[in-house]
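Visitor: What follows is each chain in one-letter form.
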Amino acid sequence: MHVSFLAYRRFEYLKYSLALIGLSVITYALHDPSVPPNGGTWLGYTLGTVGAALIFWLLWFGVRKRQYHSHLGQLTGWLSAHVYLGFALLVIATLHCGFQFDWNVHTLSYVLMVLVIISGMYGVFTYAYYPARLTQNRADMGIRPMTMLREVADLDRRCLKIADQMGDKVHQMILRSIERTKLGASLWRNVLGGVGTILGDLTDELKSDVGRSQLPLRPLATPIMQQGGEMTVMYVANQFASAGADQVKELLDLINAKKALVTRVQDDLRYHTLMSVWRYFHVALSIALLAALIAHVVSVFFYW
Amino acid sequence: MPPSSYKIAIIGSGPGGLSAAGRAADLGVSHVLLEAAPQLSNTVQRYQKGKFVMAEPEVLPLRSSLAFEAGTRERTLSVWEDTATRLRINVRYNAEVKALSGEHGNFALTLQDGDRIQAQNVVLAIGLQGNLRKLGVPGEDLSFVQYQLDDPEDYADETIVVVGAGDSAIENALALARQNTVIIVNRRDEFNRAKEGNLKAVRRAIDAGGIQCMYQSAPLRVESVEAPGSKPGVIVLKSPESEAAVACDRVIARLGAAPPRKFVESCGVAFPNKDPNAVPALSDRYESNVRGLYVIGALAGYPLIKQAMNQGYEVIEYIEGRAIEPADEPVLREKFRVMPQLPNVSVALAMITRNIPVLSGLTTLQLREFLLDSQVLAPKPGDIVFRYKDYSNTLFCILHGAVEVQRDSEDSVHKVPLRQGEFFGEMSLISGRRRNATVIAGKSCYLIETPRRSMNKLINSVAAVRRIIDETFLRRAIQTQIAPEVPLEALDDLVHTARIEQFDSGAVLFKEGDPGDCLHLIRKGSVTVSRDIGGRECVLSYVAAGNYVGEMALLTDSRRFATVRASIATETIRLDGTAFKALLGKSPKLRNKLEETARKLLANESAKVRGGGTGDMVSFFVNQGLGEATDVLLIDESLCVRCDNCEKACAETHQGTSRLDREAGPTFAFIHVPTSCRHCEHPHCMKDCPPDAIHRAPNGEVYIQDTCIGCGNCEENCPYDVIQMAVKEKPKPVNLLSWLLFGKGRRPGDEIVAETGKSAQKIATKCDMCKDLTGGPACVRACPTGAAIRVSPEQLMTMTRKTAN
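First to last, the sequence lines map onto chains A and B.
Here the first sequence is numbered in numbering that gives the first Met the number 0, starting from 0 and rising by one per residue.
Here the second sequence is numbered in numbering that gives the first Met the number 0, starting from 0 and rising by one per residue.
Honestly, the hints are just simulated from the structure, not real lab data.
Beta carbons: idealized from backbone N, C-alpha and C, even for Gly.
Watch out, some of these pointers could steer you wrong.
Some chain B residues flagged as far from chain A (calculated, every beta-carbon gap over 12 Å) [to be verified]:
1) Gln44
2) Val136
3) Pro271
4) Phe369
5) Arg475
6) Cys710
7) Arg780
Among chain A residues calculated to face chain B with C-beta under 7 Å, some are [said to hold, decoys possible]:
8) Arg65
9) Thr134
10) Val299
Rough simulated footprint, nothing fancy, chain A against chain B, three-plus residues with beta-carbon under 8 Å [as the list claims (entries may be wrong)]:
11) 632-638
12) 783-793
Using the sequences plus the hints, can you model the full thing?
Guide: And the structure:
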């Protein structure tokens, strides 16, 4: 019932793309110019025109994607064509230049184009690989990242409450552990927008919560340098003798539950980011390519 | 002192009575308006503050000496009060009529204070609200006990005990709970008397702790407390286990009202039957069997304000001996314009009563009201009235001529004729499914087309209409769905055993291993078929309305093979097993056909039992309410890159508010059901829409018209949370290129967050499947990876099979 953009209309655009590649390769092989193959022969000009047209059309995807009223085909079809014809561009442009590379604006365009296509290919990979990962990672948990984050905050609160009863040191310990919990850094925030803001809100919420807690937040006489969750767990486990066994066990359970949840939240964020961050390169490089392409075309005609 | 004497005494100053008094005052006729309360229009006064008063039906012109248009309660009341003063209406407040006797020319009315009034004519316009029921326990009249609530905002930080389990009790409790501690007292252990929306809301509030509920509790007494610093009152409640005293600031009892029928009967007015909803038999001039005693408004069966006001005006005209035409006359005349051979409306009405048996039992007034919502059609011979698989759900009566019904869209030879007086379209009306046949107009054919809402109203209020429609439905359903090759007459024995049965969601029609004694034809809703596999009930398949279950055990004379459960509220036609077996004995062709289908089904199901998995998916879909869906958005999460382009597309094509929430909703085996409209067969949202703004388009889309008044009933009634209230605002168009190139203006697809001030009017918004856009739903069109699709339940079930294989 569901058909991936890669298999859209039984790989229709893959077929077009292969046909285009095949046609270009055969013509290139049969073509026997008096000079070594380059952009200046009739085939070179033809392939160049086709390639430039393709680049403009591929860039248009960014516009078409946002034309929500347009009924010119389904966006799935456009993406399918974008992917396969974008791949064909690699072959066409290479044949266009006849494998002639140098330190000039022409090769710069070529290199930028290759980078755009490679980033696109990586994008296709992320689109194929991460969606299922995301769902699996979220299985049996809150459906929304918000719910997951609330859960983390809730576990933190419960940890603190127990730690409160276990004395100063444990409390400080847990507090540090909570403060060390980093759910996404600034890159995430930038990339994720919405989710990043939620994270910020929650952190603030948690901080004010901590502020309300019973114990003064004075520094410990002997600062305990802890790195990572394992140490916290060990430290709490060592309280076994002094504090009640039940409390220690409950606290350890909570810490472990939280650790597991945090790992999943972090994976969730990571997958989301991986699926979107490549586009920042893909689009930026495309704009650079557009500029270089214009320079390339203008200079070719200028120095004719 | 001799009693005061008037030409006309009007009892009750609601819209009908007030309008009658207004007309009498306008004409200078001697009159008195008797009102039991100390103010005019007590029922409207009792509406919650700011309530929007509707002016339905829109097509009906208003005819009254008082003005009335849709608006707030306050506005309506102030206009009426001003006009009453201006017209010098002779009104007596606190004048409840205790007894009424006499006849035309000489009526005697006794008031509560013992005063007597004489009148030549009496207009009874007391409505149905009657007298409010009180607590009936000691202390019921204490100052902090009240029986109505004007503005819930007037109370803050109080402990308020609300007594009652009806809609007004719930609405009051919910509104008060915003700034008070509210305890609701319910005599029973459920709130099933309330509207579904209120029911859901109060349950939610109780679960969330916003309202405390004391079930199975009844008030014993109310006492006031004088001690300083304590609450002013105590209400003592009795529950099966114990008595509890609850200290409170206020007791609000909403226990309904005693119906006024007893009083009306004591005046000598006759009712046609014992049905508590029955209305008195009236002439078409609103006169009862007592000459000179007229009944108008809700008591006469007309609950709408505008109707009542028109009747008030007309009744005075009739008493004054003027034969004015009813207010709806021009509207009806316009409707019959397609039949120029009819000289006037009364001839047309007589023709309907004569020609169409299902409508012949209606009074003239009922028929006029019925026609107000209907259309008279004059299709040319060969015109298609509706097509097979159309999504319309109106009912057609043949006033003249004939139509032909073509069951099979391919087979244009076999057509069944339907003649004058018969009706068609009842299948879709009842089952909520698409049309199951194409209907073609014959020669000189005239049809009356009635919308679903008016038809349902009629079915629910006139028993004879319901009986005829149900019987016809039974006969036709049995023939078309079980035995099309058997002539109707041969089915008679079977039809006589037919019984309509209703099942709540989850109820069992029959259990695996039960003896097979009947066949169920599903006429509304849907069921799941499941079997016990390794101690677990595994769903094998899903059967929608229009199909039957239970034939297998009858064919093989064995016990039930599987358990069948209603997946949503379902109605079936139960056919007796013995009669069915007798029919099979008589018709070997039918037997062969059924056996063939059964064999295939059995093979298919045993494959499913071996394969496993599928059943879980069917259960998942059914639990998501997809059993009543006609079209549902499904996202394949293994393809979805969470770009939310679907939501953006929805917002951009629908006034800046997305009608779908991609992330919300459950997922099963990568199939995600986002929060988005399923376009139910019997849309819950349509149940209680005051302006009748929710409709189903011919292609099945359920949509909300611009006439939405923002009451929020549909939002409450939707079990799938897919309706939101959004500010009615058209966003500025997006200039895509200027945003793309220069970052100027709004980003396409961004939600419009308008200022939600009190004045901003909100209306209900929901998915309309982009019925007004070419190219289909924008969410699906805008999905870059092919993850979003919209499917019908039938396609869904094929999908479950594919997934399992």
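Visitor: Would you mind marking each hint as holding or not holding in the structure?
Guide: Here's how the hints hold up against the structure:
Listed as a non-interface residue, glutamine 44 of chain B keeps its Cβ farther than 12 Å from every Cβ of chain A; the least gap is roughly 46 Å. Annotated as non-interface, valine 136 of chain B keeps its C-beta farther than 12 Å from every C-beta of chain A; the closest such distance is 46 Å. Listed as a non-interface residue, proline 271 of chain B keeps its Cβ farther than 12 Å from every Cβ of chain A; the least gap is roughly 56 Å. Interface exclusion of phenylalanine 369 of chain B from chain A stands, the closest Cβ pair being 42 Å apart, more than 12 Å.
At roughly 34 Å from the closest C-beta of chain A, the C-beta of arginine 475 of chain B stays outside 12 Å, upholding its exclusion from the interface. The Cβ of cysteine 710 of chain B sits about 29 Å from the closest Cβ of chain A, beyond the 12 Å cut-off, so the non-interface label holds. Listed as a non-interface residue, arginine 780 of chain B fails to keep its Cβ farther than 12 Å from every Cβ of chain A; the least gap is roughly 5 Å. Hint status for arginine 65 of chain A: holds, given a least beta-carbon distance of 4 Å to chain B, under 7 Å.
Hint status for threonine 134 of chain A relative to chain B: holds, with the closest Cβ pair at about 4 Å, below 7 Å. Against a cut-off of 7 Å between C-beta atoms, the interface hint on valine 299 of chain A is violated, since the closest Cβ of chain B lies about 26 Å away. Under the rule that three or more residues need a Cβ within less than 8 Å of chain A, the assignment of the segment 632-638 of chain B holds, with 5 such residues. Look at the segment 783-793 of chain B against chain A: 6 of its residues bring a Cβ nearer than 8 Å to a Cβ of that chain, three or more, so the hint holds.
Hint check: violations occur at hints 7 and 10; the rest are consistent with the structure.
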